[in-house]
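Undergrad: Listed below, chain by chain, are the residues.
Number of protein chains: 4
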Amino acid sequence: MTKTAKIPVGILGATGTVGQRFIQLLEQHPWFEVAWIAASERSFGKTYEEAAKWKMKTPIPKKVASLKLSAADPKGAPKVIFAALDADIAREMEPAFAGAGCAVISNSSAFRMHPQVPLVIPEINADHIKLIDSQSWRKQSGGFMVTNSNCSVMGLALALAPLHKAFGIEAIFAVTMQAISGAGYPGVPSMDILGNVVPFIRNEEEKMQEEAGKLLGTLKAHEVAPADFVISSHCNRVAVEDGHTESISIKLKKRATAEEIIAAWRDFRGMVTDLNLPFAPEVPIFYDERPDRPQPRLDIERGHGMTVSCGRLRPCSLLDWKFTMLSHNTIRGAAGAALLNAELLKAKGYFG
Amino acid sequence: MTKTAKIPVGILGATGTVGQRFIQLLEQHPWFEVAWIAASERSFGKTYEEAAKWKMKTPIPKKVASLKLSAADPKGAPKVIFAALDADIAREMEPAFAGAGCAVISNSSAFRMHPQVPLVIPEINADHIKLIDSQSWRKQSGGFMVTNSNCSVMGLALALAPLHKAFGIEAIFAVTMQAISGAGYPGVPSMDILGNVVPFIRNEEEKMQEEAGKLLGTLKAHEVAPADFVISSHCNRVAVEDGHTESISIKLKKRATAEEIIAAWRDFRGMVTDLNLPFAPEVPIFYDERPDRPQPRLDIERGHGMTVSCGRLRPCSLLDWKFTMLSHNTIRGAAGAALLNAELLKAKGYFG
Amino acid sequence: MTKTAKIPVGILGATGTVGQRFIQLLEQHPWFEVAWIAASERSFGKTYEEAAKWKMKTPIPKKVASLKLSAADPKGAPKVIFAALDADIAREMEPAFAGAGCAVISNSSAFRMHPQVPLVIPEINADHIKLIDSQSWRKQSGGFMVTNSNCSVMGLALALAPLHKAFGIEAIFAVTMQAISGAGYPGVPSMDILGNVVPFIRNEEEKMQEEAGKLLGTLKAHEVAPADFVISSHCNRVAVEDGHTESISIKLKKRATAEEIIAAWRDFRGMVTDLNLPFAPEVPIFYDERPDRPQPRLDIERGHGMTVSCGRLRPCSLLDWKFTMLSHNTIRGAAGAALLNAELLKAKGYFG
Amino acid sequence: MTKTAKIPVGILGATGTVGQRFIQLLEQHPWFEVAWIAASERSFGKTYEEAAKWKMKTPIPKKVASLKLSAADPKGAPKVIFAALDADIAREMEPAFAGAGCAVISNSSAFRMHPQVPLVIPEINADHIKLIDSQSWRKQSGGFMVTNSNCSVMGLALALAPLHKAFGIEAIFAVTMQAISGAGYPGVPSMDILGNVVPFIRNEEEKMQEEAGKLLGTLKAHEVAPADFVISSHCNRVAVEDGHTESISIKLKKRATAEEIIAAWRDFRGMVTDLNLPFAPEVPIFYDERPDRPQPRLDIERGHGMTVSCGRLRPCSLLDWKFTMLSHNTIRGAAGAALLNAELLKAKGYFG
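Protein chains in written order, with the working numbering: chain A, 210 to 561; chain B, 210 to 561; chain C, 210 to 561; chain D, 210 to 561.
The set of hints was computed from the structure by calculation and includes no laboratory data.
Note that this is a predicted model, so its numbers are computed, not measured.
Everything hinted at is true.
Pairs involving identical chains hold if they fit within one copy or between any two copies, as the list cannot separate such chains.
In silico lysine to any residue, SDA-like type, Cα no more than 20 Å apart, as pairs:
#  : residue 1 : residue 2
1  : Lys460    : Trp530
2  : Lys262    : Pro500
3  : Lys284    : Arg347
4  : Lys266    : Gly512
5  : Lys215    : Trp240
6  : Lys255    : Pro500
7  : Lys262    : Pro395
8  : Lys264    : Ile410
9  : Lys271    : Glu498
10 : Lys266    : Glu491
11 : Lys271    : Asp497
12 : Lys374    : Asp529
13 : Lys271    : Glu491
Just need the whole structure built from these sequences, with the hints factored in.
TA: Right, here's the structure in full:
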């Protein structure tokens, strides 16, 4: 491989909302290039331009526009696969690809809680990728699987990580106001959300508890011991395009002042600073001092959508502290998260 | 007074959002009729139709349309006054009217926490109106003042009231998603809220703690001993026209099952059932069993905007129970609340 | 039939958006009552409450909530049928019901342009129902079919009708800004319309030309000679829940002043004033003099959703006059239109 | 001046919506740098960060954040001034600056129709800047004034320009659906526009006729002979953040096929191709072949907000052709337009 050759990657579920985001974010990626795409059967053989209802705000990258959709079969697929599949389909398809020797970087919920599948946010728990070595796929074919968390958890886990390390966290109260893009396309009917709030997102509250625990947990021999905090969450859908806003209260194990908390956020750089990952934001967590921020419409693009914004830190009369957190649900919370995972794996030598 | 004669009432701040709602709700009221209106100086002498930027969805009632705006002076004003003023103006004007012998039914925050001014939701604490007898205005001129709470508190207090009585409440976590109409007109700029969430409403979180305590408090000799629960709240503005949605968790003093809580809500009729108040809803609290309800766009008109909707009762891993609550912020949370207070006062003989 | 007995009616497509509106509007109808409902096969045998995703703002009428969904078969169906079906399904099902002796009052586009099927807005062309006598179904079984127009045409045709009669219309330019409810449920994905305009609605521009011509056309022996004006339209979808707003310019055959046009609208009562139809609005067309009206959020409920609002009449530098028109797309433009057609048929003796 | 020294520029009205956009767009400009800012008196002496309610989606450029606001006085101001003032203020202040020797590049409507003030879109009528030589300010002090058009006109004029040149235009029908950002901040109250359409924007329709005529007019000795087409427009406000969408019909003087029109748009490069202006888009007009485009949410950023999108070209039954046009109202329609004018003036040697 010459110095400038990029690693060819494939995308499963390439025509959906997260698949489109993958293609957009990979357009000028220095390490990877989209070489293979697959979607549902009815798209097979069409060009991407014909098959996808493209909803991104930048044009379809020219190379991908004319790429033909392949059958979702590991034969002929590249060795690095981004998977943007619904959980039901992922449950069958992702093991098939991992078993055939592919590195499957998945955004689906299907295997997130599987004991040998790492659930990773590189800044927080890059070390969890060692679980890969325990995977049966790895042993058989060299293939493996890595996942990122639910979009409502990603920003929360990042905001908690430095506090968890510095002070310990005992309890978390989190109420989400989630963007419509989190439900994909066609997703939320406009009749349901225009001028409205929907106080229910299926399975979301359950995922928040278990995934946050695994992300902030400790790697043991062949599995992760989850963090021992309690999370209670309420998940709501609001009329916002991109960006999950969360009202969060926390109880710490060790006392901390507002200054200490803000410093912990500001100083946080995470476990990947020495790796120079192209998609890692310079500042993973930005604390905004303005009294009415962060706001999705204004702050979501910070760090190209990879920086989590916190604001309004103030005492909580029930737990210790309360604050507002915002993260970009389809970049930091989905495609960008997976991309960063892939960069970590590459940097750590997992792509051969 | 003949059987059909209605009590003439005046409206201070008649051209604002809450003032308009008063005029709309009073259009066909069996007991009261709008006889006098006042607003800021620049409206003086104009007809209501000329002066008001009418934003209600029903036409201006004909009688009021041609009514001329008076100066905001107790001379010539009726004895019953609904006040829909900004707090700064209310602070001066409401005592002037009460001191001149008027019954001031106020929606402003200016005197809510004044020890001798009752803060009333008739179903919850109708007995608090006895505080009136301690008011200096009452002693001097016969005038007095009664207030209703902030729009974010009203629905919360109603949802808590039957549980507080039956089981005792120790702690409350509440995150609001509040409608734009709560900020009046012009209020929230569209650039701030379209497709957005604003995680800050000035003074709102402070009001939630103190007003809920007073509403659910106990009447002592000359003041109210506040309820002893702790409230922690986060207040957010969302792109909803009418209807504040709240994600609420509670810790009870005495254990209760979901069935017992729902029964407490459903059986609740409040302290005014025997008074036949025209604006009192048949059902003050409706528990909606559908998994994704209540929603502002669909459920806000229940009980003509006077019924509070609860839904999604489920265990909270941190406190005891969590649920969603919805109430109409400009009816149950403002003009309708004041109107119900006036009906209570009339029924109790305070209007002579 | 005793004095108070109501005519039993059936609803085809009862669970969809228009079907729901039928059920809502019929709840307290003095002449009709819902006795039979049908929807797609997967709903068969369920109660309405179980089968429908009810999206109206009033609760499901109690009687209908427990009604079981029947198979869509004329056997066992009442003789009066409201049809709220997609065009493809209507094309097969409506003739089956008409052929079996039912009066089919259809909201679908399937047979609107059929030469023997009247396309009716009672105030405009009640006389067109005579076409029924030419229908083959009528001759065979007594059954027949009557339709109402597309939701984008209804308000336009009403606004044009008095001008067409008084002055003649030569040309119409109409640009629509249509509400999301016009596309049914789930209909428009929120990702497509939140903070957006979609400048395309399939087949809508074509329908506007042909349906307006038939509505304002002249009844001949066995068919309608369409009005001879030219319509050019642009159809757009906007983020509005209910209410189609249209920017309209017109060229008249005979000169008219603004006063004459407004008078023609205000004086218009239509062809049904002597019939006392319960759902006919007192004022079919309301001219609003305020400079920034009509607006969907504020004016859509006028006349219980059956009154069309016009405003901003001013000279057009290209044609003669321009103005804004607003009508409620799921009441005046769909279910309410069909209901008014049914009332006309009843009053004219077509229901036996 | 060394090769890399940038021209210092000042901004009048720096804290408003258009002023903010100027500051954002100038952040990395190769020719200009913000050296001086002024706003209303109450901001005087504050830093920009303190004074501005910054509503852009990128952070305040660091250099500007700490810049202090000056009094709006030509003394001490740079020689190149971008003016983002309300018309009333502009009417007094812009001549003061031009009279004091400044080049005033104005976005206000105050002097757009002044016979000696060029109203310029560089791609269309760069030659009109010769009017500057006739300005009395120019003769006295060397200062001068150049303006850009209203945001609703800019995209329309660009879409018309190549057709006007190739085929001649006789008549235009245009209905706008304009974004809220066009009204500045606080601008449109959310209560007016959420889920709504407002069919009125003061003076907008008048500006469309006269400004489009001047933009596409012909430079004579000391003034511009306006183009002789007739425009009839309806202006509406919709719940869109950025991007004016317009439904347009046109009558040409010379017949043209759809292919010829699309080719005229696609081939259009304008009068500035040889000048290498940094902010000139590569493609001034993009024709989008997808049936439901352009849409503001998806297409507004094309060409960094400087490309106008057209779509849906189809025959008009009344005039000749109809299509949809979209342009970014605060970039191509305001700050970006003025910036491009400044680049033109620099390239043509007007900045000394």
